[in-house]
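Using the sequences and the hints given, assemble the complete structure.
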Amino acid sequence: MAIIEAWYRLVSIFPFSWTHYNFMNNALLAVLLVTPLFALLGTMVVSNRMVFFTDVLGHSALTGIAIGVLLGFHDPTLPMIILAVVLAVSINLLKNITKASMDTVLGVLFAFVVALGIVILSRQGGFVKYTSYLIGDILAVTPKQIGWFFLLAVVVLVYWHIAGNAMIITSINSSLARSRRVNTFLIETSFTVLLAIVVIVSIRLVGILIINSLLVLPAASSRNFARSMHSYTLGAVIISIFSGITGLIVSYYWGTASGATIVLFASGCYGIAALLGKRLIK
Amino acid sequence: MKTCEHCCTKIDNLTVRFGDNAILDNVNLHVDCGEVVGVVGPNGAGKTTLLRTILGEMPYQGKITFRIAGSASKKPKIGYVPQKLQFDLSSPISVTDLVASAISRHPIWAGVSKDLSERVKEILSLFSAGHLLKRRIGELSGGELQRVLLAIAMTPEPELLLLDEPSSGVDIKGLSLFYQIVDDLRKKHDIAVILVTHDLAGISSYVDRLILLNCSVIAEGDPKEVLSNEKLVKAFGPTLWNISCLPSLKSPEDDKNGNH
Numbered sequence: 001m002a003i004i005e006a007w008y009r010l011v012s013i014f015p016f017s018w019t020h021y022n023f024m025n026n027a028l029l030a031v032l033l034v035t036p037l038f039a040l041l042g043t044m045v046v047s048n049r050m051v052f053f054t055d056v057l058g059h060s061a062l063t064g065i066a067i068g069v070l071l072g073f074h075d076p077t078l079p080m081i082i083l084a085v086v087l088a089v090s091i092n093l094l095k096n097i098t099k100a101s102m103d104t105v106l107g108v109l110f111a112f113v114v115a116l117g118i119v120i121l122s123r124q125g126g127f128v129k130y131t132s133y134l135i136g137d138i139l140a141v142t143p144k145q146i147g148w149f150f151l152l153a154v155v156v157l158v159y160w161h162i163a164g165n166a167m168i169i170t171s172i173n174s175s176l177a178r179s180r181r182v183n184t185f186l187i188e189t190s191f192t193v194l195l196a197i198v199v200i201v202s203i204r205l206v207g208i209l210i211i212n213s214l215l216v217l218p219a220a221s222s223r224n225f226a227r228s229m230h231s232y233t234l235g236a237v238i239i240s241i242f243s244g245i246t247g248l249i250v251s252y253y254w255g256t257a258s259g260a261t262i263v264l265f266a267s268g269c270y271g272i273a274a275l276l277g278k279r280l281i282k
Numbered sequence: 001m002k003t004c005e006h007c008c009t010k011i012d013n014l015t016v017r018f019g020d021n022a023i024l025d026n027v028n029l030h031v032d033c034g035e036v037v038g039v040v041g042p043n044g045a046g047k048t049t050l051l052r053t054i055l056g057e058m059p060y061q062g063k064i065t066f067r068i069a070g071s072a073s074k075k076p077k078i079g080y081v082p083q084k085l086q087f088d089l090s091s092p093i094s095v096t097d098l099v100a101s102a103i104s105r106h107p108i109w110a111g112v113s114k115d116l117s118e119r120v121k122e123i124l125s126l127f128s129a130g131h132l133l134k135r136r137i138g139e140l141s142g143g144e145l146q147r148v149l150l151a152i153a154m155t156p157e158p159e160l161l162l163l164d165e166p167s168s169g170v171d172i173k174g175l176s177l178f179y180q181i182v183d184d185l186r187k188k189h190d191i192a193v194i195l196v197t198h199d200l201a202g203i204s205s206y207v208d209r210l211i212l213l214n215c216s217v218i219a220e221g222d223p224k225e226v227l228s229n230e231k232l233v234k235a236f237g238p239t240l241w242n243i244s245c246l247p248s249l250k251s252p253e254d255d256k257n258g259n260h
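Residue numbers (this note's numbering), protein chains in the order written: chain D, 1 to 282; chain E, 1 to 260.
A couple of the hints might just be wrong.
As the list claims (entries may be wrong) - Quick list of the computed label-pair ranges, beta carbon to beta carbon:
| # | chain 1 | residue 1 | chain 2 | residue 2 | range |
| --- | --- | --- | --- | --- | --- |
| 1 | D | S101 | E | G19 | 31 to 39 Å |
| 2 | D | I118 | E | E157 | 56 to 64 Å |
| 3 | E | P59 | D | T189 | 57 to 65 Å |
| 4 | E | E57 | D | A6 | 52 to 60 Å |
| 5 | E | K114 | D | I272 | 47 to 55 Å |
| 6 | E | G111 | D | S101 | 34 to 42 Å |
| 7 | E | P156 | D | P143 | 48 to 56 Å |
| 8 | E | G56 | D | R49 | 23 to 31 Å |
| 9 | E | Q86 | D | F185 | 17 to 25 Å |
| 10 | E | G56 | D | T19 | 58 to 66 Å |
| 11 | E | S117 | D | S101 | 54 to 62 Å |
| 12 | E | P156 | D | A115 | 51 to 59 Å |
Unchecked claim - Calculated lysine to aspartate or glutamate pairs in the EDC-like style (CA-CA distance at most 20 Å, straight line):
| # | chain 1 | residue 1 | chain 2 | residue 2 |
| --- | --- | --- | --- | --- |
| 13 | E | K187 | E | E139 |
| 14 | D | K278 | E | E139 |
| 15 | D | K99 | E | E157 |
Worth flagging that the hints you see were computed from the coordinates, not collected in a lab. All residues carry an ideal CB built from backbone N, CA and C; glycine is no exception.
Structure follows, in structure tokens:
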């Protein structure tokens, strides 16, 4: 992997002790790819009030892993993705036909996927094996995984380029969007599928417990001062990358879990943005 | 002035069901180009459903035919101004974003180019909204938002314009400006307009024909005649007459009717 070697050489220019460790350099590269990706997706998650929805998707990983274990998969990523995608598409279908409150429906699904996953994984007291999924481990990221993140980043960018405007108009009013010949169902479905894949693939990095924060916090922070979609997106991306790099490096010195440290910095950004932006309280 | 001789929207025996209930029952409606038809009716009368059916969002029985000059029964361009929008007031979407995302394919999250921004400004200026360009949509008054939405609905120029409750959340001054712009548009561009409202007093001088809808068409004709109809007065009751004189008051229909 010539690209990875070049990256190691580039990072070694910096006079920090952590640049001597390839796992830190890998993690830094993963952070640089994943954080802007999450920021971009997060802008639409926050705009469309899908925060709880993505939390359900993230937690469905528990059941996804469990299904993988039952079926004898060595790496449960595939069943995790399939379950999350099926869940995302069904919730989206249900949203269009149900009269029930989606808040309640999501609450029920959340409970179900978490409980089912834990029940299966905890047979004979074996749950401890899977706790790494709960908090994640960026430092264990491999160059091959980084390649996948690069591919995902390209897919999301292309999708954003093609469907960005349609998503914005759909988020404002779906009838208005349809009157402009936007296929709102296709837009919503494709977005949720993309979201499910990105969230699940990234769970190894930050963990089930806090993956949603990484999605929500940068966009929520940016929303406090943004005055256009452009500044909203840009603000979220900058805050996300900043929290990612700062959190990763600080976690090295503190000896703490990187994912949680990153989220802690993102929360700090939200606090500052909310105070300065003055939009949180009327 | 564009002339168009034979285009029209024809709705025959339209029935829309939601479960076992017929929301619209055997509705017949004919709108010629250049004509403004007002649709009034009590809560749950199926006014918004009628518009959504014309937009092609609801399964229905009956026939909806569009005839456009030159091309028979092709699907027309429909401009639609939704009922008062419900969105997060802290939304970062600016007026430029809203218009640009509707009229252009250039992805606006990456920034709005100068050309596009100029075009948006030009369009908005036609609707007395050129000065709103940089505002966030949460900072607009009801009337300002209606004009921005009307600007979007008119770009590109539609053959049929659907207006859903333009009176809700708009003050008297804003409303008469809105009606004047609509009146101008149909005179200049010869488009057909269907206007759903319960602002009875305000619209009578702007609409050519008034339809009282309550699941089916109860009365239809010259606005003054329909308004003097006893059935109509009975259907609406005195309270709504009062509300039409005080558009700043929120009527229950603003909250409820959105889902029908």
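Quick rundown of the hints versus the structure:
1. One distance hint, 31 to 39 Å for the beta-carbon pair S101 of chain D and G19 of chain E, is violated here, with the actual separation near 19 Å.
2. At about 59 Å, the beta-carbon gap between I118 of chain D and E157 of chain E stays in the expected band of 56 to 64 Å.
3. A beta carbon spacing of about 20 Å between P59 of chain E and T189 of chain D contradicts the range 57 to 65 Å that was offered as a hint.
4. Separation of E57 of chain E from A6 of chain D is about 53 Å and conforms to the stated range, judged on CB atoms against 52 to 60 Å.
5. Range check, K114 of chain E to I272 of chain D: Cβ separation about 33 Å, and the 47 to 55 Å hint is violated.
6. A hinted range of 34 to 42 Å for the beta carbons of G111 of chain E and S101 of chain D is consistent with their spacing of about 38 Å.
7. Between P156 of chain E and P143 of chain D the beta carbons are some 50 Å apart, a value that agrees with the proposed interval 48 to 56 Å.
8. Range check, G56 of chain E to R49 of chain D: Cβ separation about 26 Å, and the 23 to 31 Å hint holds.
9. Q86 of chain E and F185 of chain D have their C-beta atoms about 20 Å apart, which keeps the hinted 17 to 25 Å range intact.
10. Taken as a hint, the range 58 to 66 Å holds for the pair G56 of chain E and T19 of chain D, whose Cβ atoms sit roughly 59 Å apart.
11. For the pair S117 of chain E and S101 of chain D, the beta carbons lie near 40 Å from each other, so the given range of 54 to 62 Å is not met.
12. Here the CB-CB span from P156 of chain E to A115 of chain D is close to 53 Å, well matched to the stated 51 to 59 Å.
13. The straight-line distance between the Cα atoms of K187 of chain E and E139 of chain E is roughly 31 Å, outside the 20 Å bound, and the hint therefore fails.
14. Our distance criterion of 20 Å between C-alpha atoms is met by K278 of chain D and E139 of chain E, whose separation comes to about 14 Å.
15. Restraint check for K99 of chain D and E157 of chain E: not satisfied, since their Cα atoms lie roughly 36 Å apart, outside the 20 Å limit.
Taken one by one, the earlier hints fail for this structure at numbers 1, 3, 5, 11, 13 and 15, listed in ascending order.
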